[in-house]
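S.K.: Here is how the chains run, residue by residue.
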Amino acid sequence: MRRFRFRARAGGLVFGSLLLFLVGTNVQSGWVFVLSALLLGVTAAGTILPFGGTRGLTVSRRAPGESFVGEQVRVDLTVTNTTRKPKLSISIHDPYVAQSNIFLPSLGAGASVTISTRRTAARRGAIDGGPVVVSSGAPFGVAEVRRTIPAAGRTVVFPRIVSMPGLPLRGDPSTGADDELPSGRGPGHEFHGIREYQRGDSLRHVHWPTTARHGSLVVREFERDRPARLTVVVDTAGDTPAVGDAETTLDRCCSVAASAALEAVRLGHGVSVVAARDARPVIVDGADPHRALTVLAELRAPGGMTLSRVLGQAPAAPTALVVFPTWRSNAATVLVPAVEELVAAGSRVVPVAIEVGASRAEPALSDQDVDELIAVLAAAGAEPVRIRPGRPVEQELAASFSLAGAAR
Amino acid sequence: MSAARLGAGSMPTLADRRRARRQRMNRPEESVRLRVIVLAATELSVLTVAVAGAVDAATAVVGLLLVPIGSWFAYRRRRHRNILLKVLLAAGLVAALAQFLQRARTATSVDDARVMLGGLFVWVQVLHSFDLPRRRDLAFSMAATVVLVAEAGSLSIDTGFGLLLLPYLALCAAWLYRSDRVRAEEDADPYEVRAGTVKPSATARRSRIRSLAGGLGAALLASMLVFMFTPHVPGARVLAPPFSVVNPVAVPGFSGGVSNPDAEGGDGSGPVRGVGYPGFGTGVDLRVRGHLSNQLVMRVRSPQPAFWRGQAYDTFNGTTWSASDHVVTEYGEGDDRSIDIGSPETSVPTRTLLQTFYVVRRQPNIVFAAANVRQVFFPASRVAVDEYGSIRAPIMLEPDTVYSVISDVPNPSGAMLRAAPAPQMGSLLSQYTQLPPDLPARDVELAHRITDPWPDTYDKVMAVQRWLQRNTRYNLDIPPDPPGVDAVDEFLFVRRQGFCEHIASAMAILLRAVGIPTRFAVGFDVGSHNLLTGYYDVHESDAHAWVEVAYPGIGWMEYDPTHAVPPAAQGFGASFLAGELLARLGRFVAWVVPGPLKTAGEAVGHALAVAGRSAARAWPVLLAVALAGIALLAWLGRRRGRVRSSAGAVAAFEAMSRTFERRGHPRKPEQTPAEYLRELLRTDPVARAARTDVEVVVAAFERDRFAASPPDPVDVEHATSSARRVAEAAGRR
Numbered sequence: 000m001r002r003f004r005f006r007a008r009a010g011g012l013v014f015g016s017l018l019l020f021l022v023g024t025n026v027q028s029g030w031v032f033v034l035s036a037l038l039l040g041v042t043a044a045g046t047i048l049p050f051g052g053t054r055g056l057t058v059s060r061r062a063p064g065e066s067f068v069g070e071q072v073r074v075d076l077t078v079t080n081t082t083r084k085p086k087l088s089i090s091i092h093d094p095y096v097a098q099s100n101i102f103l104p105s106l107g108a109g110a111s112v113t114i115s116t117r118r119t120a121a122r123r124g125a126i127d128g129g130p131v132v133v134s135s136g137a138p139f140g141v142a143e144v145r146r147t148i149p150a151a152g153r154t155v156v157f158p159r160i161v162s163m164p165g166l167p168l169r170g171d172p173s174t175g176a177d178d179e180l181p182s183g184r185g186p187g188h189e190f191h192g193i194r195e196y197q198r199g200d201s202l203r204h205v206h207w208p209t210t211a212r213h214g215s216l217v218v219r220e221f222e223r224d225r226p227a228r229l230t231v232v233v234d235t236a237g238d239t240p241a242v243g244d245a246e247t248t249l250d251r252c253c254s255v256a257a258s259a260a261l262e263a264v265r266l267g268h269g270v271s272v273v274a275a276r277d278a279r280p281v282i283v284d285g286a287d288p289h290r291a292l293t294v295l296a297e298l299r300a301p302g303g304m305t306l307s308r309v310l311g312q313a314p315a316a317p318t319a320l321v322v323f324p325t326w327r328s329n330a331a332t333v334l335v336p337a338v339e340e341l342v343a344a345g346s347r348v349v350p351v352a353i354e355v356g357a358s359r360a361e362p363a364l365s366d367q368d369v370d371e372l373i374a375v376l377a378a379a380g381a382e383p384v385r386i387r388p389g390r391p392v393e394q395e396l397a398a399s400f401s402l403a404g405a406a407r
Numbered sequence: 000m001s002a003a004r005l006g007a008g009s010m011p012t013l014a015d016r017r018r019a020r021r022q023r024m025n026r027p028e029e030s031v032r033l034r035v036i037v038l039a040a041t042e043l044s045v046l047t048v049a050v051a052g053a054v055d056a057a058t059a060v061v062g063l064l065l066v067p068i069g070s071w072f073a074y075r076r077r078r079h080r081n082i083l084l085k086v087l088l089a090a091g092l093v094a095a096l097a098q099f100l101q102r103a104r105t106a107t108s109v110d111d112a113r114v115m116l117g118g119l120f121v122w123v124q125v126l127h128s129f130d131l132p133r134r135r136d137l138a139f140s141m142a143a144t145v146v147l148v149a150e151a152g153s154l155s156i157d158t159g160f161g162l163l164l165l166p167y168l169a170l171c172a173a174w175l176y177r178s179d180r181v182r183a184e185e186d187a188d189p190y191e192v193r194a195g196t197v198k199p200s201a202t203a204r205r206s207r208i209r210s211l212a213g214g215l216g217a218a219l220l221a222s223m224l225v226f227m228f229t230p231h232v233p234g235a236r237v238l239a240p241p242f243s244v245v246n247p248v249a250v251p252g253f254s255g256g257v258s259n260p261d262a263e264g265g266d267g268s269g270p271v272r273g274v275g276y277p278g279f280g281t282g283v284d285l286r287v288r289g290h291l292s293n294q295l296v297m298r299v300r301s302p303q304p305a306f307w308r309g310q311a312y313d314t315f316n317g318t319t320w321s322a323s324d325h326v327v328t329e330y331g332e333g334d335d336r337s338i339d340i341g342s343p344e345t346s347v348p349t350r351t352l353l354q355t356f357y358v359v360r361r362q363p364n365i366v367f368a369a370a371n372v373r374q375v376f377f378p379a380s381r382v383a384v385d386e387y388g389s390i391r392a393p394i395m396l397e398p399d400t401v402y403s404v405i406s407d408v409p410n411p412s413g414a415m416l417r418a419a420p421a422p423q424m425g426s427l428l429s430q431y432t433q434l435p436p437d438l439p440a441r442d443v444e445l446a447h448r449i450t451d452p453w454p455d456t457y458d459k460v461m462a463v464q465r466w467l468q469r470n471t472r473y474n475l476d477i478p479p480d481p482p483g484v485d486a487v488d489e490f491l492f493v494r495r496q497g498f499c500e501h502i503a504s505a506m507a508i509l510l511r512a513v514g515i516p517t518r519f520a521v522g523f524d525v526g527s528h529n530l531l532t533g534y535y536d537v538h539e540s541d542a543h544a545w546v547e548v549a550y551p552g553i554g555w556m557e558y559d560p561t562h563a564v565p566p567a568a569q570g571f572g573a574s575f576l577a578g579e580l581l582a583r584l585g586r587f588v589a590w591v592v593p594g595p596l597k598t599a600g601e602a603v604g605h606a607l608a609v610a611g612r613s614a615a616r617a618w619p620v621l622l623a624v625a626l627a628g629i630a631l632l633a634w635l636g637r638r639r640g641r642v643r644s645s646a647g648a649v650a651a652f653e654a655m656s657r658t659f660e661r662r663g664h665p666r667k668p669e670q671t672p673a674e675y676l677r678e679l680l681r682t683d684p685v686a687r688a689a690r691t692d693v694e695v696v697v698a699a700f701e702r703d704r705f706a707a708s709p710p711d712p713v714d715v716e717h718a719t720s721s722a723r724r725v726a727e728a729a730g731r732r
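Just so you know, the protein sequences line up as chains D and R, in that order. With numbering that gives the first Met the number 0 as the guide, the letters of the first sequence map in order to residues 0 to 407. With numbering that gives the first Met the number 0 as the guide, the letters of the second sequence map in order to residues 0 to 732.
Here chain R stands alone, though its shape is the one from the complex:
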């Protein structure tokens, strides 16, 4: 063992460290700042659950008032044992738990229980705030705030929650920093500052705040990356999904029909009345024109996107789609308060989709859901289902209505669909291959021209879809159809422009023309996925029409010729948000960038892609270049980021030069430091009086500039002090 090791202070033993840790943990927390941070975070978390509606207003107000009182009390009593207080708090906790359990009995779903849990958590926080003697109690309090905020987050369905989350994050960061600092300060030995300063001057404070803000920014950036690559996999099935209604409005004389206030009145040839979609009800008139509003209709919680299907029609008369079959089957509530419908049988794999709908704007009495509904959780004792799988409720979908649906969405591969036999379904064939009697022959000819090269149903469907996507354009501002024309024929051969109803109708008719059974479905498009809430925000303008094609043995498959339908099998990449976020960014950029620029960009992109493909073949070289580049950047960054230890020596010399410059003795450009020194000593009485200091500054500067190794930090320190003394001496004269 070396002398240095033996002579040095010996390391504390494990037992010493454990003892010290125990003592530290049991020591009362004296840092007022730390307590204030925890108090602020607690108040914010209570406010957050209140805003999210997880607790009633009275509980929230009481909580917000009691937590500061409790925190103040806990600070005052931090050095006491508080046995009686602990007993009282335990009793309070038991009472809060008992109240929660009593209320939990009335919960109809997990969501209801979440709301009740919010109340319990608030009371736990309130009671705990009275007993926060040690740092670990404060840490527990912070952990409890995370639970409260998570609770609030799970109930928040809009982005406003972010306004509360950001300050909460800042408080969490402040707590992490402050608690770590307090711990380190406690462990440290006292010392005396001989030179320099560790006191927080205004500049140092600003600099520290900047550093902390930088840290927070880095944390946000890292969080964003984590969030983008967080897999959004479907979770465990919730067996009791939520459903509720605040003010149920019964459909008068409900017998299974659709009641749509926005579709009532008028002959359908005029513009859209009101803001609602008029296609829900008895039929869809392709002559109707107009824009739907952008009002939020509902929010949908679903593990994956889907069309929120409302109705389907099988009969087209040239202008209007309607249903030929009006028979409905009623299904009643089961023991578990759900309504079991039973999804159609299929031979292909299905994906179970649990969706919960939060209605924001009044809608018809249609239970919107992804196709192939199996089970409905609805705030009514019965529903009616028509032959097309459309579900109608005996009450209107009023705002704040919540319902859940489980669907078994078919998830076949292309090969499965290709292998499906040709449609030979008897009456089904005639019902879903019906064509308008006045349909011009050119439509049928077009259908054959598009589909005849393809052998099976799947490829024929895809061919029609491709043809429509290539040869028609989406446009909401199209003129009314001339009287007496077939709307599909007008769209396919005259106008070639239209919106979803025209495009979907054209596809359905073209497929029917070659004997493929189809039906015309209406409902809502998936909506915009709110990345923060995780909900799909469905607007009025998301009302949509698409096509359903029958595959024997498989069932009805949805096709959207208007735009790319989300693929049935999304692949692993779709589990992350990065793709969606980048796609949105891309769409935004495409929207703001002018056409010619886009064309040029595409050309450049194409060229780069070609070059990239060529370069990819030489990947080892690329890898080596990339690594060399990274190493170079790291070296440059390190060099740039590091100031020579003697920066102070240069600064001291410059400061001293400025002092003498002000006294009329500037350093001439050709003068070496030594020459300048000699001149100063010859001409300036201050320099002569402070000769030692001046020499120290010059020596440190020369060493910094010309010596092989930089001056010792102590010498630099002396030089800085000397420069200061010279300045003071000059000031006195």
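Isolated chain D (complex conformation):
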């Protein structure tokens, strides 16, 4: 697709040309007419020439498959001039991962250049390709022609990971709790290694490339899935609108959820992540952090279910971390009964209330309502954490967890 627009200087040149024409008409001076024609001629040539400036340019993109919010992502673009004429002043705008503007002063006929840019992933999400906009106003910058070129690439940007010292987990291996299960080979999803085929092994687990090399059957072995000790529930009922590169409330929720999940896995616990998507609960069970992170990266609002309904379908676990924005749908009257059920089932429930703040895309709870919610949740046996808007999540969590730890 090609778009065209005049730049401000085109107006200046045309205005100057008309002015000179009027002057020339009044003083009957040929040279003033010549000057007027030159200004208009430059405008005309500067309008037509950029069409050739982007013709025959191809762009391919190479980017890593995964990244975390806040990380620098290296994105390589290969720009090729497939024509027999050099191109001047090529601007490339690539919004992949983060807005990036690249300027190539010139690109020779048939030449190719691969340029590498570092971009900071500002928001979580799965980025599937997306076009690159190539523009040129060469040689006079009078007008600009933009061409949109599709470019491949897929990068999943995982939520921001914050440190979570003191994450309250029941049966923490470090505490020597009796319900700890040692890790080892067994039915699961994590790849452990390969070994010779033994009778009874499923043919689905045969590793054919190695089998072909060895000449005998070789099968894959998997890590035994650990039972989930932590269930992380994320409320996807709503989200605040994205402004610039700032994280939305749901981004903050996912950040807390992902950080907790990774911390739990690091401590040797299995994790389940539960959230609503398309009016159905999505449950990622087991100790596969990659899958959990991918789901959290791709969560969108509205999920189509209230948090209380999602909690009702969450798998039981010793600890339940419930991350939710302070929407009205999470008022004490609605949320507390569901939490009470979890507490009654023997789970340690840690509700993390992410305050929505000034933005009011969805009806949010007032400060008094949030105070009341926190108080009622605490009274119900939960260990609520309140994260105020604009405050760093890690600081708020660390403060709450240390307080909770001291209380225990």
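Think of the hints as simulated: they come from the structure by calculation, not from any bench. Just so you know, nobody snuck in bad clues.
Listed next, with one range per pair, are the computed distances between beta-carbon atoms:
id : chain 1 : residue 1 : chain 2 : residue 2 : range
1  : R       : Glu678    : D       : Arg153    : 40 to 50 Å
2  : R       : Val192    : D       : Pro240    : 32 to 42 Å
3  : R       : Arg32     : D       : Pro362    : 50 to 60 Å
Source: prediction; values computed, not measured. Where is the CB? At the ideal position from N, CA and C, for every residue including glycine.
Go by the hints and put chain R onto chain D.
M.R.: Chain R in isolation, oriented as in the chain D frame:
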């Protein structure tokens, strides 16, 4: 909203963009190249106004010296606020403006003010050059150079101005390119080049210069087209047109007569003496022979062409035209320093023509102008006008004399002229229908034969004109007339060749023979229109004679039987320069092409015209064919202009083949790439050592040649690198 959109970098808001723009505009300009371009353009513009005479030499020299100093100073101080400097510059500007206003009081015309404006603009440029911190200040400086160059252009009356304009245009193009590039570079994020290069190598620089030159050429071509189709319509009336004289030379004992140094002495039967036209003065002797020089006499600024009329004669004695009436009327200067003459009354529409004459070579004391002068702006307090509308000045037209004239040129249609009543003007009829007493009867008979079939004056005039154009030939190299013969009779019945004086005399006499009042006018032809300056360059050889015919109620109308007179009503097409330019090209081609070839060309042209007329009837088919042709050409051009993205793969394979060919393993014509690869791996140790690279190159080449889709650019890039590595490996061995 899709995940891709949400996950992608979000677009900056309008406020962000505005903030960024504001910051960018207020940022000091760091590009030295851009500053150098602006400096060069400024220097050139000052030089241009100096050459055009818009500023005195001292101002120009000071300007040329101060502008570089100011630019250097502005660059050094670009990051400072320079409050004191700004105050000083403002004071300087006020002083320059005050000086301009003081001088403007003495201006007698708009032209004078233009010259003074030049000085003011130069000082503005000089002062502004000291304060150019930001890019927009540089842009303002460039805009000011356009004003200066336009000022110079408006005062330039020769083509030499183009020598300065071309480099100025190149500098403007360079500024447009560089400023756009600097802006884009500023907006861009840093990056690292992994493969290929964006650094300006010598080849890349040459290629870039070629591209820029191409762009400049395209701009010139577009400008030429724009210029050709620029309507040259008459502008608003300038109420104070210019007039001046540098060294006035008074005509001794001026009493309304003509003083012509080139017509003095001799009996008129010899060749032309000197270079001037001897016909201005007391009469025109048709026996005089010779060529006039091609020296420039004057430049005329006029919205449309006309004859620059000098005098008219009413009496012909067989060899010489003269004036029977020597009475003159004097007109004095009015309050507005103009001399009001009052044009003759007419019942037909007139076109007001403001002409300004810039005298280059000394001329008689005749105020040349288009017919029917109404008002004269002349550097003298009075002028004399004879009964034939000829204006005489009390001073000679010395070089550098400038004067302006407003004429009301009658602009009747053919129908109006046809409707004019037959001449019944009493004494006028006898004065302007006078014939030489010895005029042979065959001249009168010829006049009747030509005109009798036509009922009215207009058609009779046109008939005579047509007859002369068909039956006589223009020739400056004609022999002297035999003694005692009537010059017109000799021309019409014996020689049938002559120049403007003979042709115009013949027309006047033939018309008089049938009772149509005529007079013989002399002056200058319109001259050559300089397309670039817009002025008519009138040369000595443009001295001309034509006929004036009286139409009752309308007035005297000019006819030029020597060549086609510019039509009174020119039509819309005449507003553009394209016709004139093409006509000139045509005349040039006609001049250089031999006669037989021209005849053949005309025949072919005629045949083509006939074919074209026939084809025009089937225009839908033609249109369809033309569109199909354009589409085909566009497709072919696109195909030709595009190299497959895999050109690099082919190049890599060819480079690798050359490497092994040098090592004694050329690819046989019948070998497929895969066979060649196998042979290389079998026979060449370098190929074996660089097996992976060789395979990569061959795979990319095969994919390019045989696969449905071309290889990925990254693969092409790898193939190119591999070919290079193979060459390096071969070089090491």
